[in-house]
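Chains as they are written, first to last, in this note's numbering: chain H, 1 to 310; chain P, 311 to 620; chain B, 621 to 930.
Hints should not be assumed to be uniformly reliable.
DSS-like cross-link-like pairs, simulated, lysine-lysine; straight-line CA separation at most 30 Å [said to hold, decoys possible]:
#1 H/K43 / B/K659
#2 H/K39 / P/K318
#3 B/K745 / P/K570
#4 P/K430 / P/K620
#5 H/K39 / P/K430
#6 B/K663 / H/K310
#7 B/K740 / P/K349
In case anyone wonders, no lab produced these hints; they're calculated from the structure.
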Amino acid sequence: MNYPANWKRRHLLGLEDISADEIITILDVAEHFRDVLEKPGRKEPLLAGKTCANLFFENSTRTKTSFGLAARRLGADVIDFSAATSSLAKGETIIDTAKNIEAMGIDAAIVRHSCPGSPKLLAEKLRCCVLNAGDGPHEHPTQALLDIMTIRRRFNKVAGLTITLVGDIAHSRTARSNIWGLRKLGANVILCGPSTLVSRDWEKLGIEVAYSLDSVLGRTDVFNLLRIQFERQVIRPFPSTREYSHLYGMDITRLAHCKKDVLILAPGPINRGLEVTPEVADGTQSAILEQVTNGVAIRMAALWLCLEQK
Amino acid sequence: MNYPANWKRRHLLGLEDISADEIITILDVAEHFRDVLEKPGRKEPLLAGKTCANLFFENSTRTKTSFGLAARRLGADVIDFSAATSSLAKGETIIDTAKNIEAMGIDAAIVRHSCPGSPKLLAEKLRCCVLNAGDGPHEHPTQALLDIMTIRRRFNKVAGLTITLVGDIAHSRTARSNIWGLRKLGANVILCGPSTLVSRDWEKLGIEVAYSLDSVLGRTDVFNLLRIQFERQVIRPFPSTREYSHLYGMDITRLAHCKKDVLILAPGPINRGLEVTPEVADGTQSAILEQVTNGVAIRMAALWLCLEQK
Amino acid sequence: MNYPANWKRRHLLGLEDISADEIITILDVAEHFRDVLEKPGRKEPLLAGKTCANLFFENSTRTKTSFGLAARRLGADVIDFSAATSSLAKGETIIDTAKNIEAMGIDAAIVRHSCPGSPKLLAEKLRCCVLNAGDGPHEHPTQALLDIMTIRRRFNKVAGLTITLVGDIAHSRTARSNIWGLRKLGANVILCGPSTLVSRDWEKLGIEVAYSLDSVLGRTDVFNLLRIQFERQVIRPFPSTREYSHLYGMDITRLAHCKKDVLILAPGPINRGLEVTPEVADGTQSAILEQVTNGVAIRMAALWLCLEQK
Numbered sequence: 001m002n003y004p005a006n007w008k009r010r011h012l013l014g015l016e017d018i019s020a021d022e023i024i025t026i027l028d029v030a031e032h033f034r035d036v037l038e039k040p041g042r043k044e045p046l047l048a049g050k051t052c053a054n055l056f057f058e059n060s061t062r063t064k065t066s067f068g069l070a071a072r073r074l075g076a077d078v079i080d081f082s083a084a085t086s087s088l089a090k091g092e093t094i095i096d097t098a099k100n101i102e103a104m105g106i107d108a109a110i111v112r113h114s115c116p117g118s119p120k121l122l123a124e125k126l127r128c129c130v131l132n133a134g135d136g137p138h139e140h141p142t143q144a145l146l147d148i149m150t151i152r153r154r155f156n157k158v159a160g161l162t163i164t165l166v167g168d169i170a171h172s173r174t175a176r177s178n179i180w181g182l183r184k185l186g187a188n189v190i191l192c193g194p195s196t197l198v199s200r201d202w203e204k205l206g207i208e209v210a211y212s213l214d215s216v217l218g219r220t221d222v223f224n225l226l227r228i229q230f231e232r233q234v235i236r237p238f239p240s241t242r243e244y245s246h247l248y249g250m251d252i253t254r255l256a257h258c259k260k261d262v263l264i265l266a267p268g269p270i271n272r273g274l275e276v277t278p279e280v281a282d283g284t285q286s287a288i289l290e291q292v293t294n295g296v297a298i299r300m301a302a303l304w305l306c307l308e309q310k
Numbered sequence: 311m312n313y314p315a316n317w318k319r320r321h322l323l324g325l326e327d328i329s330a331d332e333i334i335t336i337l338d339v340a341e342h343f344r345d346v347l348e349k350p351g352r353k354e355p356l357l358a359g360k361t362c363a364n365l366f367f368e369n370s371t372r373t374k375t376s377f378g379l380a381a382r383r384l385g386a387d388v389i390d391f392s393a394a395t396s397s398l399a400k401g402e403t404i405i406d407t408a409k410n411i412e413a414m415g416i417d418a419a420i421v422r423h424s425c426p427g428s429p430k431l432l433a434e435k436l437r438c439c440v441l442n443a444g445d446g447p448h449e450h451p452t453q454a455l456l457d458i459m460t461i462r463r464r465f466n467k468v469a470g471l472t473i474t475l476v477g478d479i480a481h482s483r484t485a486r487s488n489i490w491g492l493r494k495l496g497a498n499v500i501l502c503g504p505s506t507l508v509s510r511d512w513e514k515l516g517i518e519v520a521y522s523l524d525s526v527l528g529r530t531d532v533f534n535l536l537r538i539q540f541e542r543q544v545i546r547p548f549p550s551t552r553e554y555s556h557l558y559g560m561d562i563t564r565l566a567h568c569k570k571d572v573l574i575l576a577p578g579p580i581n582r583g584l585e586v587t588p589e590v591a592d593g594t595q596s597a598i599l600e601q602v603t604n605g606v607a608i609r610m611a612a613l614w615l616c617l618e619q620k
Numbered sequence: 621m622n623y624p625a626n627w628k629r630r631h632l633l634g635l636e637d638i639s640a641d642e643i644i645t646i647l648d649v650a651e652h653f654r655d656v657l658e659k660p661g662r663k664e665p666l667l668a669g670k671t672c673a674n675l676f677f678e679n680s681t682r683t684k685t686s687f688g689l690a691a692r693r694l695g696a697d698v699i700d701f702s703a704a705t706s707s708l709a710k711g712e713t714i715i716d717t718a719k720n721i722e723a724m725g726i727d728a729a730i731v732r733h734s735c736p737g738s739p740k741l742l743a744e745k746l747r748c749c750v751l752n753a754g755d756g757p758h759e760h761p762t763q764a765l766l767d768i769m770t771i772r773r774r775f776n777k778v779a780g781l782t783i784t785l786v787g788d789i790a791h792s793r794t795a796r797s798n799i800w801g802l803r804k805l806g807a808n809v810i811l812c813g814p815s816t817l818v819s820r821d822w823e824k825l826g827i828e829v830a831y832s833l834d835s836v837l838g839r840t841d842v843f844n845l846l847r848i849q850f851e852r853q854v855i856r857p858f859p860s861t862r863e864y865s866h867l868y869g870m871d872i873t874r875l876a877h878c879k880k881d882v883l884i885l886a887p888g889p890i891n892r893g894l895e896v897t898p899e900v901a902d903g904t905q906s907a908i909l910e911q912v913t914n915g916v917a918i919r920m921a922a923l924w925l926c927l928e929q930k
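For reference, chain H alone in the conformation it holds in the complex:
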C-alpha cells in the first residue's frame, strides 16, 4: 500500500484542526484495512517492530481494546498503562508519566484523559506520535471517523446528507468530533435533545438545533444516538429516563416516520430502552456493530499514517 502524499501529521488530536482532504485520506486508508480484516489472519504487519502504549488515564474497555487490536493487526507491540495502578497516585505529573513510558522505547502514545487538551499537551512535550482516544468532553476523533466511515460505506458519500446527533451534546466529545468532521465533508448536521443538553450557541456556527426529535424524523438520513452519560453528569438534565426515552428515544413508531433508508448509529455502550429500543438497535437500519468493526480499521489507518510519517 502506498503512503498517501497529502498526509503530513505525526499526531491525530482532533477533527477540528484537520482538513477535509486529510479526513478522506484516513477513510480511504481505513477501507483498505477493512478489507484486510475480512481476510484470514486479519493482519498486515506494516508496523512490525513498533511499540504502541495505551495511556488511559480514564477507564475504557472498548476503545482501548480496539486500539490495541488495531496495533496488533499491524504487527506492533502494545503495552497497556492504566491510571488505577499508576504512578499518578504517587504524585507524578501526566507529562512525567508519559515521558517515562516514552523513554522505555515507545513509538506512539494512545491517550485518554479527562482533561481537554491533554493529548495536545503531550504531543508538544513528547517525541513519539500521540493519538487522542478521548479528552474529556473535547474530542474523540477516531470515534467520529468510524461513524463517518460507516455513513460513507452505506451511502457512498457524506456530502449533502443530513445527520442528526441526538441526546447529550453538551458532554459528548463524540458529538464535537462528529460536528467538525461531518461539516468539513459537506454534511448537514442537526443537533437534537433537551435544551439542558443542547445549547443554542451552536446556531452561531450555522448548525441547526432542534428540541423535537419528531420534527426532524422525515428529513434525516442518519441518526447518531449518543449515550446518556450518567457518569459525567452532576445534575440530572431531564426529569426522568422515562421522559427522555418518550421524547428522544428511537423506537419502532418513530422509525416508521423516518426515510426508508435511514441509518441508525450509536457509539455505545447503549442503554437499551433509553436512547434506542431493542427492536431498532437490532434491526436492519442499525449499523451499531458495523461501527465497531470499522473502528478497528480506522485505528489501523490512524496508527499507520502517524507512525510512518517521517
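Using the hints, position chains P and B against chain H.
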C-alpha cells in the same frame, strides 16, 4: 495433527451435554499438546491469525492465565476483558458487550460469569466460538477435563475407578462438571461432605453420598478435595474450619488408611490445613501441580477443536 | 553475542550477595542491548519460546512495564499476574500461587512483594528463574544497576566517584541496592538526609553520613535523589514538605555550588518541587529519562543471563 472426525462442536459449554466419545477426543488431543508443552518453545501455531478474547465477568487469575497461555501456545492473539473496567458498569447488557468485542474481530470468547447458562446464551447470540470458563455454580468443563486427564494419565483408565469428591459440592461448578464427565467415562463417583454441602438428591441419580470421609478411605482411588469457597457462602455451612478439617481434611493419618496408589487432586487455590494438610498436598500421592500443567493442554485442545470446526 | 563465562546464576535477588565482576558483566551485556534498543525494531529474539511471568504482589506500573518490554524485546512471551485480582485474596500462600503459575510453563518469575526475602524464598522453592523487582525495603537490584549503568555511561567509570544518595534511605530498597553495588565497584557513597531517615549505623560499614546537603555539594559527582515515599511512612519523618525541600531539595541555587559535570539521578516517580525542582529535573545535568531507557537494557541483560544459564 489430524482433526478428529467425531468432533462437530464450535462451543464447549459443559460436560452434561457431551458424549463419552467427545470427552475422550478432547483428552486424546490434550495428550498431544501435553507433549508439545514439554518441548523447547512449547508452541504449535495451529491457530495463528486467530484471536481469542477472555471475557471474564468474574475475577480469576489462574483460569484466565491458563486459557491465555493455551491460546498463545497455539499462536493465537489474546485480548483480556475484565468486568471491573468494563462497559457493564455503564449499564450495557452482557450480550451487547460480547457482540461488541466479537465485532472487533474475535474468533473465540472464553466466558466466565456468575450467572449459570450465560455461556450458552452467548453461544446462541454470537457467531464466534464460546468456551465456558465457569458459570456460577453450574459447570466448569475445562477444570473437570483436566482433573480427568490427570486421573487417566496416572491409572491409564477412568472406567471402574472410584473417585470421591470431598467438600463443598453444593456451590461447586467443578464438582458438577466432574460428576457428568466421570460417570460418562464409567467411573464410580462418591460425594462426601457435611450434609449442609452435599444433598441427598444426588442419590436419585444413582450417586453415592457419604457424610463420613473415614468410611470411604479404603475404597477410593482418587480424592478430589474441593475448595471451601468462603466467598460464595452467605451462611457458614459448618461450625468452624477446625471442625471441617477434623472431619473432612486429608491428612497423613487418613492417607495411611487409603489405597497405596491413591491419587490426591485439588482444584486450587487450596486452603492449606483446611481441605488438605501441607504434608499431603506436597507429597508423592498429590498431583496438584500436574493438574495445572494438564490444564494448559486441555485448554489448547478445547480451543483448537472448537476454532477449527467449520 | 557470546554468553559470559563468569555468569553462573539463575536468579538475580540482590546486589549484596553478588561480586563486582558479576555486576560488570551485567553492565557490559546491558550496553549491548542498549545498542539493540537504538536500532529499528529494537529486538533481539534470544529468548524466543520462553515465557516470563510478572508476579507483582505490590502495585507497580513502570517496573512491570519495563520488565515486560525487556522480555518482549528478547522475543519472550509475558504474562502479567497482579495481586488485586489474584488467588491470594482466597487465602493461598505466595509459594502455592507461584508454583501454580510456574506449572503453567513459566521460565522466569519477576517478583515484587512487600516482604523482604520473598524472591529468595521463591528461588528456593521454584525451578524457574527468579528476578527480584523489589522486596519491601530490602533490595531492588535492577533499579540500582540502571542507576550505576547511567553513571558509568556518563563518566566511563564508577571507581573513585563520589555518589550521594539523598533522602529517604531508611525505607528505600533502591538505596540499599545502590550502596552494595556502588561500593563493590569502588565508588565512595555518602548518605544524606534528615536523621529520622538516615541512620548513623551506616557509619559502622564505613559509609559517610551527612545531615547537611549543602556540606557535600562541592565534592559529589553524582546525586541520586530518592523519592519521599509518603505511602510507606506511618509517622511523618520531617515537619513539612516545605522544610524538606528547603533542606534537601535540589534546586538551581544548590546546583550552582556543585561540580560542573555533576550528574543528577532520580529513580522516579519524582515529586516535582520536593526532592528536585523542575529546572534541575529537566536540565542538562539530569539523566532521569536516560535511566528509564537504561532500565530496559539492564532488564534485558538480567533476563538473558539468568534464563540462558544451564
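Against the structure, the hints come out as follows:
1. H/K43 / B/K659: Between H/K43 and B/K659 the Cα gap is close to 24 Å, so the pair holds against 30 Å.
2. H/K39 / P/K318: Given pair H/K39, P/K318 holds - Cα atoms ~24 Å apart, limit 30 Å.
3. B/K745 / P/K570: holds, 27 Å
4. P/K430 / P/K620: The hint holds at about 19 Å.
5. H/K39 / P/K430: holds, 28 Å
6. B/K663 / H/K310: holds, 21 Å
7. B/K740 / P/K349: Roughly 28 Å separates the two Cα atoms, so the pair holds.
Against the hints set out earlier in the document, no violation occurs for any number.
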